[in-house]
Amino acid sequence: MKGSTGQESRPPLDLWIGVECTFNRVHERYLNQLEVCGHDRRLDDLDLLAGLGARRIRYPVLWEQVAPESLDQTDWRWTDERLGRLRELGLPPIATLLHHGSGPRYTSLMDPEFPEKLAVYARMVAERYPWIKTYTPVNEPLTTARFSGLYGVWYPHHASDESFVRMLLSECRGTVLAMRAIREVQPEAQLIQTDDLAKAHATPGMQAEADFQNERRWLAYDLLCGLVDEEHGLWPYLIRAGATPDEVLWFRDNPCPPDVIGVDYYLTSERFLDERRELYLPHHCNATHADIEAVRVYHNHAGIAHLLRETWERYRLPIAVTEAHLGSSREEQLRWFEEIWQAAEQVRAEGADIRAVTSWAALGSYDWNTLHTEFRGYYEPGAFDVRSPVPRPTALAGVLRARAAGEVPAHPSLASPGFWQRPDRFFYTPVGTPQSAAVRAVLNARPLLILGSDRLGQVTERLCRDRGLEHRVVAGGLDLSDAAAVQALLDEVRPWAVINTLGYGQIDEAERQHGRFWQTHAVGSATLARACEARGAALLSFSSDQVFGGEGEAPYHEADPAAPINAYGRAKLEAERQILGNHPGALIVRSSAVFGSGTGRGLLAHALRTLQTGETVLVDQDHRFSPAYLPDLVHTSLDLLIDGESGVWHLVNSGETTWAEMVGRLAHAGGLPNHQIRAASAHELGWVAPRPRYSALRSGRGQLLPSLDHALDRYLDGWVRAGRR
107 MKGSTGQESR PPLDLWIGVE CTFNRVHERY LNQLEVCGHD RRLDDLDLLA GLGARRIRYP
167 VLWEQVAPES LDQTDWRWTD ERLGRLRELG LPPIATLLHH GSGPRYTSLM DPEFPEKLAV
227 YARMVAERYP WIKTYTPVNE PLTTARFSGL YGVWYPHHAS DESFVRMLLS ECRGTVLAMR
287 AIREVQPEAQ LIQTDDLAKA HATPGMQAEA DFQNERRWLA YDLLCGLVDE EHGLWPYLIR
347 AGATPDEVLW FRDNPCPPDV IGVDYYLTSE RFLDERRELY LPHHCNATHA DIEAVRVYHN
407 HAGIAHLLRE TWERYRLPIA VTEAHLGSSR EEQLRWFEEI WQAAEQVRAE GADIRAVTSW
467 AALGSYDWNT LHTEFRGYYE PGAFDVRSPV PRPTALAGVL RARAAGEVPA HPSLASPGFW
527 QRPDRFFYTP VGTPQSAAVR AVLNARPLLI LGSDRLGQVT ERLCRDRGLE HRVVAGGLDL
587 SDAAAVQALL DEVRPWAVIN TLGYGQIDEA ERQHGRFWQT HAVGSATLAR ACEARGAALL
647 SFSSDQVFGG EGEAPYHEAD PAAPINAYGR AKLEAERQIL GNHPGALIVR SSAVFGSGTG
707 RGLLAHALRT LQTGETVLVD QDHRFSPAYL PDLVHTSLDL LIDGESGVWH LVNSGETTWA
767 EMVGRLAHAG GLPNHQIRAA SAHELGWVAP RPRYSALRSG RGQLLPSLDH ALDRYLDGWV
827 RAGRR
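At the far end of the sequence shown sits residue 831, using our numbering, and the numbering has no gaps.
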């Protein structure tokens, strides 16, 4: 399929965005992504999305939502309101009619009448919204056919080549008929056909399977372009799988080539196949071979630029990257989007007609870590984080706005490479030839400056290293109240942000040395804040639930009045006031007792080790609080810092408990003798400072950490994997 290769002047690369709208069926249950993320209830989301400056939005006009019971019974109210608002905002939709679904209950991908039924619905959409000019009747038909017909993950849960081929032919025929019906109403309508841009790599023993998969990945596009006949490489496979020559050749005689080929690319899109299953963990293997993300074991994965070139050379049709997303830490999301944007610009400069890059899941997505087969609450933010009362823009939103305006994003974290480019990305001994290409230089990257080397400081340092965030640590010996020393340090390091963990959790030490602690941490915080503000450096400082008096019965939120009852709480409260008074853009994270440093230190680790020996453990059961799992606390604090958030945030794992309850639960789950757990008084525990009786926290700004139950499960798993030490 040939098209223009002209080098004439073209408009710049467009930014598109998309809303995750999967509405698929698993057995008898429909899973609606729009519902779980709350977009179905928030019309104002569209105003936020339009503010990103995108030229188009991939948006749902879903068959299952509009006509769930019958094509004769439709409800357009939700769709009318949303599409009407998009039209007012000047943000043209690419209408998606089926997104990873098998359709309403009165059809399925195995229904012989599925194509005709989809075409009827498509005509209804076109007649109701004749102003819409771009359509994706079936999103990712080949991917959906694999998950529904080959792997049995989604309805109708088949697992055979025959079912895969039958579903794919049905989806592609439905696309042709749908576009025919749409164009009878809107002759200028364009087909934006999406699919995952997969590629398989392999050992020599698995190369034949990789070659087959690499040919199969094009099959939906090839059918729509009318390229499949007796000479096609997959003709024998299609016939063996039950397709008749007439139904395959129908596509040759009724071509419907995409106006734009939409390629979706994720880190999981490229796979590595290896027959040596014994070298891999069970979850990376199927019955015959290992199948793992190529980036985790293979030096020579292709990358998006190479795959865009392959697509252009095969079809010579306009191309858009229609999904670009990474469910990772914030800076890795920025790096991933930028890598894809820059690759698209590079391939475009070589002559390929690349039209756009789409930031997918602009409102984030839920539970794709389980392939959208159930809702467990695992959330991956996008340009907005919907866990706040109003969707909160993340740092990715800033990158998108810059690209939409024709500017190069300048976030400091972009100066370092993504993990997929770093040598620590491998899960196993890597295969292939190490690449000689230099990783992006980080010599001039401005670092984070971490103050403190206690448990919080150590975890912060470790996670910054894991996330590829350039950083420098000042372990101790710095007097924050010494303005000259603080200023000299900042001038030497030139950090883009400072993370202050000094003194965190030293409740009894503050009571013993209240004068010195006040000078260092209350007065010193003002000095640090002024120095950061003067140099344009962001500041993250950690505060505590100890700022509250503990007389309430409901969790404290950020706006509740503080009334500390110990020296630590008083110093932390004054530090908050001084920081925000001298650096209004600073971020203050209030948390509570932490656990899970990964070092085997802390109250829980000590208690479990003691129970292992059969000895008695003394724990407190009189004070209720909301603990924070240290990895969750630090990861989320770093994300908020990168997002440019400011003010006070409460970050704890949702729920409340006592130390006695936590130790008892872990002991029971770990098979340890919980009868050896004894409640003890503050005096017996050696506490010096009084503690608030009740200091559970909640957030009015967004519950960003997982539940306490989830955190404790992960803590126990880590303890077991570490040899129960």
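Treat the hints as calculated values from the structure; they're not laboratory data. Even glycine gets a Cβ: it sits at the ideal position worked out from N, Cα and C. Honestly, I wouldn't trust all of these hints.
What the hints assert, rightly or not - Derived DEER-like restraints, expressed as beta-carbon distance ranges:
1) HIS789 <-> ASP153: 36 to 44 Å
2) PRO667 <-> PRO118: 49 to 57 Å
3) GLY457 <-> ASP181: 56 to 64 Å
4) ALA589 <-> THR479: 53 to 61 Å
5) GLY512 <-> GLU384: 51 to 59 Å
6) ALA590 <-> ALA775: 31 to 39 Å
7) ALA516 <-> PRO118: 17 to 25 Å
8) PRO536 <-> ALA775: 34 to 42 Å
9) HIS412 <-> VAL226: 21 to 29 Å
10) GLY457 <-> GLU219: 40 to 48 Å
11) ALA591 <-> GLY720: 46 to 54 Å
12) GLU219 <-> GLU141: 24 to 32 Å
13) ASP317 <-> PHE532: 20 to 28 Å
14) ASP597 <-> HIS412: 38 to 46 Å
Hint check results:
no., hint, in the structure
1, HIS789 <-> ASP153: 36 to 44 Å, "violated, 58 Å"
2, PRO667 <-> PRO118: 49 to 57 Å, "holds, 52 Å"
3, GLY457 <-> ASP181: 56 to 64 Å, "violated, 47 Å"
4, ALA589 <-> THR479: 53 to 61 Å, "holds, 57 Å"
5, GLY512 <-> GLU384: 51 to 59 Å, "holds, 52 Å"
6, ALA590 <-> ALA775: 31 to 39 Å, "violated, 52 Å"
7, ALA516 <-> PRO118: 17 to 25 Å, "holds, 18 Å"
8, PRO536 <-> ALA775: 34 to 42 Å, "holds, 36 Å"
9, HIS412 <-> VAL226: 21 to 29 Å, "violated, 41 Å"
10, GLY457 <-> GLU219: 40 to 48 Å, "holds, 43 Å"
11, ALA591 <-> GLY720: 46 to 54 Å, "holds, 50 Å"
12, GLU219 <-> GLU141: 24 to 32 Å, "holds, 28 Å"
13, ASP317 <-> PHE532: 20 to 28 Å, "holds, 25 Å"
14, ASP597 <-> HIS412: 38 to 46 Å, "holds, 44 Å"
Of the hints listed earlier, those the structure fails to meet are numbers 1, 3, 6 and 9, in rising order.
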